Amino acid sequence: MNLNRETIFRLNKFDPRAQFFAGVLTAVSVLYLQPLEKADRLYYLLLLIVLWSLARAQLIFIFKDILRVYPMLLFITFHLPFQKLGGFEIFGQVGPFTLYREGLWQFLAVHFKAFFLLNISFALSRSLSYKQIIALLNNWRTPHWAIAIYFYLQRMLQVFNLEAIRVKLALRARNLRLRRAASRHAAGNFLLMYLLRVWERSGRSSEAMVSRGFTGRFPIVYKLNWCFADTIFFLCTVLLTAGFWLWRIM
Amino acid sequence: MAYNVAIEAEAVSFRYPAGTLALERLDLRIMEGEKVGIIGPNGAGKSTLLTLLNGLRLPEGHLEIFGKAVSDKKNIKEIRRLAGLVFQNPDDQLFMTEVFDDVAFGPRNQGLEESEVEQRVNEALQILNSRELYNSSTIHISFGQKKLIAIAGVLAMKPELIALDEPSGNLDAFHRRKLIDWMNISRQTIVVTSHDLDFLWDTCTRIILLNKGMVVADGQPDTILKNKTLLLQNQLELPLRFQV
Ligand SMILES: Nc1ncnc2c1ncn2[C@@H]1O[C@H](COP(=O)(O)OP(=O)(O)OP(=O)(O)O)[C@@H](O)[C@H]1O
Ligand SMILES: [Mg+2]
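First to last, the sequence lines map onto chains A and B.
Heads up: the first sequence at position 56 corresponds to 56 in this note's numbering, and the numbers run straight through without jumps.
Add 250 to the 1-based position in the second sequence for this note's numbering, that's all there is to it.
Worth flagging that the hints you see were computed from the coordinates, not collected in a lab.
This one's a predicted model, so the numbers in the text were calculated from it and none came from an experiment.
You may find that some hints are simply not true.
To be verified - Derived coverage of chain A by chain B (criterion: at least 3 residues anywhere in the stretch with Cβ under 8 Å from a Cβ of chain B; other residues may be distant):
{"id": "1", "segment": "149-163"}
{"id": "2", "segment": "203-214"}
{"id": "3", "segment": "218-225"}
As the list claims (entries may be wrong) - Residues of chain A clear of chain B, computed beta-carbon distances all greater than 10 Å:
{"id": "4", "residue": "Leu48"}
{"id": "5", "residue": "Leu169"}
{"id": "6", "residue": "Ala182"}
Using N, Cα and C, we set each Cβ at its ideal position, and we do this for glycine too.
Sequences are here, hints too, so could you generate the full structure?
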């Protein structure tokens, strides 16, 4: 189970509708079809929201390996030591590592399904490209201004990432070290410049769109095409999520 | 050839919101089919002038593109169809993540059939000999390649007037030559800014020299591009081929 880039690339080949409903199904299955406490459910909901936004923001240069199992494991279990806190007399003392490890195994035994489905849900939300989302929105008769705003926001996120890469290179080229005060000062300036540049560049993107005849109606760039493979894929997700559910009843 | 007026400017001024007066009382008349090179030092107002031609920015004074006043909101859509603008910085111009989608954006906005859109994209990339970029991402290509894609994106719209901002910058000799060849056979009106005066010598029928937002000289390439003192006064140099 290694939901890395290729998996996402393959998922991306399916019809966006299939991907979307599979994502929703796994999310529902994480939140409602598990034997979860109320607090855990809230925790998972938050996790899902964080993961989805990470996936949509495509901040891959920071979270390159989040798709892999182990970082994800850390990510969803980092609260365990703090949970154990309750059993200690002195407030603020974190339990010993063995306790954490024990807790981890217990946690995994109970939460394995949720953990697995979270991974899948993340991959699914990551695999939907912005073109597919625009096609979906079009299909659902979303107003054109909303689609334009969606496109603009995603372009802004993209510029955020592109500019961040550039700023990182520029900082490295000038040999900035955050330990030195002067460097910190310069880095602060860089950050300000970075935000200004993102703002400028996304503004100029809209100028570029307008100058090429954009009048608020985003042209269709992706055609929906549901085929047999999509049906199979969709049935598989249904079986998977339902299977976990049946397992729980039995 | 019928000589209709393509661009008519009377006392056109433009001031950026930040306060810089980039163009000052410009009077210009450019005929259909002319190939006009705009030269001038950095900050002369060349790029600013080009953005006006496409209705992207609204100037003071009177500006008409193919007889349509830019100040009239009803004309803007038509003006943007007639006049295509290639930005100086391709990073600003490319906003779709795939080359095909970016070049196809203009034609698709014109409401063309998908098969025709594809044909337009193919033709535009063919002109610049960049077919191999067809399936690339617009992010992971070189600056010069981005430049080519940005030009192709406007060529694919087949506008009557093409405004090119520094198109030959960062192009290799081969692609620069392709661009020159295309400009020489094209029948469209072309307004091009460049610091590559040899490029303008090869392509233009008229040169306009701007400085500090004003027209300093306007005439045949022969009279302006060979005038050493005039060029030096405006922080320019003779084209390489005339520097013996
Ligand atoms: N976005 C902006 N906001 C405010 N002032 C600007 C902006 N862009 C350009 N200017 C100013 O307007 C003037 C003309 O700029 P413009 O970009 O048209 O010059 P240019 O002739 O294209 O120069 P270059 O040869 O460097 O491309 C300059 O003084 C510049 O500082
Ligand atoms: Mg310029």
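Hints, one by one, checked against the model:
no. : hint    : result
1   : 149-163 : holds (count 3)
2   : 203-214 : holds (count 10)
3   : 218-225 : holds (count 3)
4   : Leu48   : holds, 26 Å
5   : Leu169  : holds, 14 Å
6   : Ala182  : holds, 29 Å
Of the numbered hints listed earlier, not one is contradicted by the structure.
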